[in-house]
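A.B. asks: Read off the chains here:
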Amino acid sequence: MRTVAIALTSTAVFFAAIVLVVVRSAGWPEVKQSFFNGAEFRSSFPGIASGFLTNVKLFCIAEVVILAFALLIAVLRSTPGPVFFPLRLLAILYADFFRGIPTILLIYILGFGVPGLQLSGVPTSEFFWGTVALVLVYSAYVSEVYRAGIESVHASQNAAARSLGLTHGQSLRYVVVPQAVRRVIPPLLNDFIGLQKDTALVALLGLVETFRQSQIDVAGDFNFTPYLATALMFLLITIPMTRFTDWLIARDRRRRQVGGVTA
Amino acid sequence: MTAALEIAGLRKSFGKLDVLRGIDLEVAEHEVVCLIGASGSGKSTLLRCINLLEPIDAGHVTVLGEEITARGVDVNRIRRRIGIVFQSFNLFPHMTVLRNVTLAPLKTLRLSRAEADEQATALLDRFGLAEKRDEYPDRLSGGQQQRVAIVRALAMEPALLLLDEVTSALDPELVAEVLDVIRELAAGGMTMVIATHEMGFARDVANRVCFLDAGQILEQGTPVEIFTAPREERTRQFLQRIVDAGRL
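Here the protein sequences come in this chain order: A and B. Residue 1 is where the first sequence starts when you use my numbering, and the numbers rise one by one after that. Residue 264 is where the second sequence starts when you use my numbering, and the numbers rise one by one after that.
Hints in this document: simulated from the structure, not taken from any laboratory.
Keeping only pairs whose Cα atoms sit at most 25 Å apart, straight-line, the calculated SDA-like set for lysine to any residue is:
hint, chain 1, residue 1, chain 2, residue 2
1, B, K370, A, Q157
2, A, K197, A, L248
3, B, K370, A, S156
Okay, chain A solo, but in the shape it has when bound (with noise of 0.2 Å):
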């Protein structure tokens, strides 16, 4: 009880001071004025909150493919024997590539590139090839992540299931994914907060989404206050997920303390 107190008291006077500072700063009634706006605020949330629409929808859809594809890269790296070196040697070359390219890059050289090409039948909306480029740049992320998570279960469970005459694919499938999945949840939950961040990104390429929705209406009228709604919007989403993230390490580790030795 006491030390609760401690910690309510002294958090109250911490932020208490920095409030003090920012507000009696000498600068601060234009910052005010400019970044919290109240009426500004009002008259841009709606259209900032439907922006946002589309980023849900592309980290949605994003997020499916990435689970998907980031897998399969990390089963083929995961192949044992000579004759599969060469699909090893692509899903590493995969990983090296899309994880040493900056994400900004990837977004313009395809949602500008591919478009230019002006192929028949590929399709020329920023939305698609935003959403490409992120998949391609997560998948190599994610796949790190499942390899991770294949490599921790013990060989021993491996064995366990071929000597039941259960192939290589069998044996992955339904033994060592299984426990590498549910130990890779909280990384890879991580992984998935970076890419709703990065939504934004695809902004660039002139898609109108939240982050681009809100330099739309800070151009309008030279307020900064939209950029705090599009942030208070990426907060709403990523801060449940970092805590819901957190609370399935904490429940991870419990559990494996229960288990003991034989987790």
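Got chain A; can you put chain B on it based on the hints?
C.D. replies: Frame of chain A, contents of chain B only:
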């Protein structure tokens, strides 16, 4: 009578370390052979080679007349006929006991779910595990886990069962329940090759005991011959150490 298992000139090395240096062994159907020897003498590696979990460097392994180490043999088909139970159980922690037992029959023998469940339930019942059917492995004691692992191997109706120090990871009071299962299997005529440190058990259950030393079968014979009148000095030393440790 065909031999259940014939091993000729089996060699296996890990890098520069020669683990098996020319093993010859024949096991008749319904015979129980115990492998004894110090840690590192090659018992486990031999079992893993018979199950093709380790590729061998030289020699031949023949099971029921078929050479399983020949080129182009489907290893998955071979492994279905050779069960192996490991020291550390290696149950699948994300599956219930029933699913652990039925996974391989369902996926490799293509049994229907009803058939596989029925067979697994009957086996679990036979070994006193019926009420553990829907539990997850980490809720079971070590002895129960190891019995489930044995049932899982039996569900494939193997022609040959390999047991790799199956009681070594168990608390002393849980060893008996697992050994009882193996005794029952021996009485039922199951062909088994058993790597073990339980000398008393080996003396009771084995038809033949092989003493492994530095990757070779140095001496083999009936339990009486090996345990009471070993010919080799190394065997005598090994058994003396066991006796001194109060384990025989």
